[in-house]
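Novice: Here the protein sequences line up with chains A and B, keeping their order. Note that full-length UniProt numbering has the first sequence beginning at 1, numbered continuously upward. Note that full-length UniProt numbering has the second sequence beginning at 1, numbered continuously upward.
Just so you know, these hints were derived from the structure itself, not from any lab. Note that this is a predicted model, so its numbers are computed, not measured. Mixed in with the good hints, there may be bad ones.
[As the list claims (entries may be wrong)] One side only, chain B facing chain A, incomplete, derived with CB under 10 Å:
1) VAL14
2) GLN15
3) ASP16
4) PRO39
5) CYS61
6) ILE62
7) SER68
8) LYS69
9) ILE74
10) TRP311
[As the list claims (entries may be wrong)] In the BS3-like style, the derived pairs of lysine-lysine whose C-alpha atoms are separated by at most 25 Å in a straight line are:
11) LYS103(A) / LYS69(B)
12) LYS176(A) / LYS191(A)
13) LYS340(B) / LYS68(A)
14) LYS310(B) / LYS282(B)
15) LYS220(A) / LYS191(A)
16) LYS68(A) / LYS103(A)
17) LYS93(A) / LYS103(A)
18) LYS247(B) / LYS86(B)
19) LYS330(B) / LYS340(B)
20) LYS16(A) / LYS103(A)
21) LYS69(B) / LYS68(A)
22) LYS69(B) / LYS93(A)
Virtual Cβ for every residue (Gly too), placed ideally from N, Cα, C.
Residues per chain, in single letters:
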Amino acid sequence: MDARLRRVNKEIADCKNDKTSHISIDLVDNSPFHLRGSFDGPEGTPYEGGRFEVDIVIPDSYPFQPVKMRFITRVYHPNVSSASGAICLDILKDAWSPVLTLKSTLISLQSLLCSPEPRDPQDAEVAKHYMTSKESFEDTARYWTQIYAGGPGKDGKSAVQKGGVKDEIAMAGLNKAHVDQFEALGFDRSKVIDVLRRMNYRGANIANINDDRVVEELLK
Amino acid sequence: MQPNVVSLSESDSVQDPTDFPPSSIAPGLRDLDDSLRCPICRELYTAPVTLSCGHCYCSLCIRNSLSSKAECPICRQNASEVHIRKNPAMESVVKSWASGRDFILGLLKPQEDHRTSPSVDSQGKASNTQPDSPSKKRKRTTDDTLTSAAGERKLTPGISKAQVQCPMCNQTVPERTINQHLDSGCQSYLSEASSSGTRGQQKEQWSKVFGNSGITHRNKDKGKAKEKEKEKDGDPDGLSDVDPLPKVSYNVLKDKLIQEYLTEHGLPTNGGRDACIARHQKWVMLFNANLDRSPANRQSLDQLKRELKKWEEAQQTRKHSVTDVVAYQKEHKSEFERLKEEARRRIPDKTSNSAAASGIIVIDDDE
Numbered sequence: 001m002d003a004r005l006r007r008v009n010k011e012i013a014d015c016k017n018d019k020t021s022h023i024s025i026d027l028v029d030n031s032p033f034h035l036r037g038s039f040d041g042p043e044g045t046p047y048e049g050g051r052f053e054v055d056i057v058i059p060d061s062y063p064f065q066p067v068k069m070r071f072i073t074r075v076y077h078p079n080v081s082s083a084s085g086a087i088c089l090d091i092l093k094d095a096w097s098p099v100l101t102l103k104s105t106l107i108s109l110q111s112l113l114c115s116p117e118p119r120d121p122q123d124a125e126v127a128k129h130y131m132t133s134k135e136s137f138e139d140t141a142r143y144w145t146q147i148y149a150g151g152p153g154k155d156g157k158s159a160v161q162k163g164g165v166k167d168e169i170a171m172a173g174l175n176k177a178h179v180d181q182f183e184a185l186g187f188d189r190s191k192v193i194d195v196l197r198r199m200n201y202r203g204a205n206i207a208n209i210n211d212d213r214v215v216e217e218l219l220k
Numbered sequence: 001m002q003p004n005v006v007s008l009s010e011s012d013s014v015q016d017p018t019d020f021p022p023s024s025i026a027p028g029l030r031d032l033d034d035s036l037r038c039p040i041c042r043e044l045y046t047a048p049v050t051l052s053c054g055h056c057y058c059s060l061c062i063r064n065s066l067s068s069k070a071e072c073p074i075c076r077q078n079a080s081e082v083h084i085r086k087n088p089a090m091e092s093v094v095k096s097w098a099s100g101r102d103f104i105l106g107l108l109k110p111q112e113d114h115r116t117s118p119s120v121d122s123q124g125k126a127s128n129t130q131p132d133s134p135s136k137k138r139k140r141t142t143d144d145t146l147t148s149a150a151g152e153r154k155l156t157p158g159i160s161k162a163q164v165q166c167p168m169c170n171q172t173v174p175e176r177t178i179n180q181h182l183d184s185g186c187q188s189y190l191s192e193a194s195s196s197g198t199r200g201q202q203k204e205q206w207s208k209v210f211g212n213s214g215i216t217h218r219n220k221d222k223g224k225a226k227e228k229e230k231e232k233d234g235d236p237d238g239l240s241d242v243d244p245l246p247k248v249s250y251n252v253l254k255d256k257l258i259q260e261y262l263t264e265h266g267l268p269t270n271g272g273r274d275a276c277i278a279r280h281q282k283w284v285m286l287f288n289a290n291l292d293r294s295p296a297n298r299q300s301l302d303q304l305k306r307e308l309k310k311w312e313e314a315q316q317t318r319k320h321s322v323t324d325v326v327a328y329q330k331e332h333k334s335e336f337e338r339l340k341e342e343a344r345r346r347i348p349d350k351t352s353n354s355a356a357a358s359g360i361i362v363i364d365d366d367e
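Let's have the full structure, built from the sequences with the hints guiding it.
Specialist: See below:
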């Protein structure tokens, strides 16, 4: 049996035997080289309480080439693409080392959630949000964790009291008053949300954005 | 999904440190087993070597690793092949441990049964060399799931009583026709007709290698490594006092010269330039890694060639791509249908799930 398969087998067994890390690895189909890993959101972060799934593909030349990992669970994080789940992490690229394992790599992802690196972003919009207002960013990240990763949300369930209206705005990390303001001018709500999100219409940054510019964008 | 993983890791006789009970029961044994394993392949060290930083790896593993990145995989200190040093002390430790491992597991077995679950038949299996710790329950029966999971490239050392592996071409041949098979130059009397055009040609090339390996060596009358070759001829299995092969910068070499390098070692020269380079690189790696073993443990050149051939075949199976798209689609139609069905089911599922989970949320785009 080739060395790659032997090693992958050991790594899967290793995760199964380790009950303390709460990291699991499952097969997706019959191939041992396409797996799905999952881990808990780290405590003390907006991701706490969520369970995050990662798509794992093991390349032919593993362990001499890095594993390919991508978030299946949608994550609001500067170094994770909010659309595709692509991850920006050095050890998944040029800083890979053959002594790293599936487990240690998943743990690294876990700690990536603890310490975002907005200066080297994967998702520029999310990174801008993070730089502008960390508090607002954390609210949004918590909201995403609640919606997609089964997290508890901000102070229990109260974050979603306002029903469907709250949803889209909180997802984009915007202020409801701002959205209402431009919606009142007769623009479609989803368009307003989209434009404000792209322009990073949040926190201190609002002072830098002229209302006229927003309207201009909306008319495009 | 869960049972699949179980069958994957259990059906296989992969050994790892968790074969041993945790340190609360058998102090040190699990750590000992762990520290005698190469951090790259997780197997007991084969030809252990150290880098200048002191970290230890299998010779072949670290050579592979250094070829893609010139640093120690653990501490990331710069390293290259010239820093590789043999570690014969580790080699003999590993050798002793490998031979004593099953015995120790056997000693541990009754004790463990006694401690964890006395009901598991503790009398009959005490002498069993295979570790069946009750907590892990490793099945030793060969499960077919693994074979299918590993793909066809898995090379079977001994298949069934009536089937044997041809020493020349490595194919499966019925035992009673093995002689006819050999007489036919590995062309006929196969168990199943599997060789296609290029593969067949390659087989031929390789079988030539094994058939005439001695002659190829003796016919050598040019090339820089002439003297070394002579030594190998005189002592083909011992390989004593052989210098490692130098690294070659292939970029500056003409095709002809690369082929010459290959013939020098009695290797086939079929395939394009890239194939030849890859083959020679791998050969240098295998050859030098073999020299890092103590002379008693070294493999013969024929064994190394077989290894090289195995590797090349694995490369080819991996590169295998779908040639007949229509036939492939037909063959896997049911699978595609199932996936489509699953995907369709998942879409509405997600929205209703999240709505249910949050209780109140209603995702309504109209609002």
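Novice: Decide, hint by hint, whether the structure agrees.
Specialist: Each hint, compared with the structure:
{"no.": "1", "hint": "VAL14", "verdict": "holds (5 Å)"}
{"no.": "2", "hint": "GLN15", "verdict": "holds (9 Å)"}
{"no.": "3", "hint": "ASP16", "verdict": "holds (5 Å)"}
{"no.": "4", "hint": "PRO39", "verdict": "holds (4 Å)"}
{"no.": "5", "hint": "CYS61", "verdict": "holds (7 Å)"}
{"no.": "6", "hint": "ILE62", "verdict": "holds (9 Å)"}
{"no.": "7", "hint": "SER68", "verdict": "holds (5 Å)"}
{"no.": "8", "hint": "LYS69", "verdict": "holds (8 Å)"}
{"no.": "9", "hint": "ILE74", "verdict": "holds (5 Å)"}
{"no.": "10", "hint": "TRP311", "verdict": "holds (9 Å)"}
{"no.": "11", "hint": "LYS103(A) / LYS69(B)", "verdict": "holds (22 Å)"}
{"no.": "12", "hint": "LYS176(A) / LYS191(A)", "verdict": "holds (14 Å)"}
{"no.": "13", "hint": "LYS340(B) / LYS68(A)", "verdict": "holds (24 Å)"}
{"no.": "14", "hint": "LYS310(B) / LYS282(B)", "verdict": "holds (11 Å)"}
{"no.": "15", "hint": "LYS220(A) / LYS191(A)", "verdict": "holds (11 Å)"}
{"no.": "16", "hint": "LYS68(A) / LYS103(A)", "verdict": "holds (13 Å)"}
{"no.": "17", "hint": "LYS93(A) / LYS103(A)", "verdict": "holds (17 Å)"}
{"no.": "18", "hint": "LYS247(B) / LYS86(B)", "verdict": "holds (18 Å)"}
{"no.": "19", "hint": "LYS330(B) / LYS340(B)", "verdict": "holds (15 Å)"}
{"no.": "20", "hint": "LYS16(A) / LYS103(A)", "verdict": "holds (10 Å)"}
{"no.": "21", "hint": "LYS69(B) / LYS68(A)", "verdict": "holds (18 Å)"}
{"no.": "22", "hint": "LYS69(B) / LYS93(A)", "verdict": "holds (12 Å)"}
The structure agrees with every numbered hint stated previously.
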